[in-house]
Amino acid sequence: DQQVKQNSPSLSVQEGRISILNCDYTNSMFDYFLWYKKYPAEGPTFLISISSIKDKNEDGRFTVFLNKSAKHLSLHIVPSQPGDSAVYFCAATWGNTPLVFGKGTRLSVIA
Amino acid sequence: GAVVSQHPSRVICKSGTSVKIECRSLDFQATTMFWYRQFPKKSLMLMATSNEGSKATYEQGVEKDKFLINHASLTLSTLTVTSAHPEDSSFYICSARVGGAGTGELFFGEGSRLTVL
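Same order as they appear, the protein sequences are chains A and B. Positions 379 to 489 (the numbering used here) are the ones given, in order, by the first sequence. Positions 9 to 125 (the numbering used here) are the ones given, in order, by the second sequence.
Derived by calculation from the structure, the hints in this document are not laboratory data. Hints may be right or wrong, so weigh each one.
Simulated coverage check for chain A against chain B, where a stretch passes if three residues somewhere in it have a Cβ under 8 Å from a Cβ of chain B [as the list claims (entries may be wrong)]:
(1) 417-423
(2) 477-483
Subject to a maximum C-alpha distance of 20 Å in a straight line, what follows is the list of computed DMTMM-like cross-link-like pairs (lysine to aspartate or glutamate) [what the hints assert, rightly or not]:
(3) B:K28 / B:D96
(4) B:K50 / A:E420
(5) A:K481 / B:E67
The beta-carbon is built from N, C-alpha and C at its ideal position, and this holds for glycine as well.
Construct the complete structure from the given sequences, taking the supplied hints into account.
Below, the structure written as structure tokens:
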């Protein structure tokens, strides 16, 4: 049973437009959520996170929104740039438990 | 930010041999490190939690005798794939948590691609 789901395996966006990556979770114990970016043959790099006490966290072009009632979070990238093309993983945790990752969404930003 | 380094980044070995992958935290001490495995087009699957000075905690379905984990110091954890077979070919990634419980943020190594012929 997948506790963290990223239902879109891929997404294509025009350069300069907004990219919206979605993530759903089922475990109500999760209280901390993270987004990681991964290039091929590299380890993931941390992008942005949000605690369950917030519903929005912004860092430059990246904003994460959390809707606890819907158990849904999303990552917005505005404006999208070609260098943003990568696989984005949503992850969740609570307490000191290991991160649980979604399957990832491959974002392609077209120039 | 915190840096986690993995070595080797790529390794090719013959079936039946053993391969060791090292994971080092370069600028912080990591009492806990995590080992993940990524299959093509799949999520990062947690294999085990490596605790300094004690036995690793393996996830269900991961063979502890197959994937030996040693966390001998606060900056080094190793994963040894014993008697490797082609189905062990994968991308192995280690990570370490910075900060206390609940922060959740992990820093990842560059990953090690293992190919077993």
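Hints and how they fare:
no.	hint	result
1	417-423	holds (count 5)
2	477-483	holds (count 6)
3	B:K28 / B:D96	holds (13 Å)
4	B:K50 / A:E420	holds (15 Å)
5	A:K481 / B:E67	holds (18 Å)
Consistency with the previously given hints is maintained throughout, with no hint failing.
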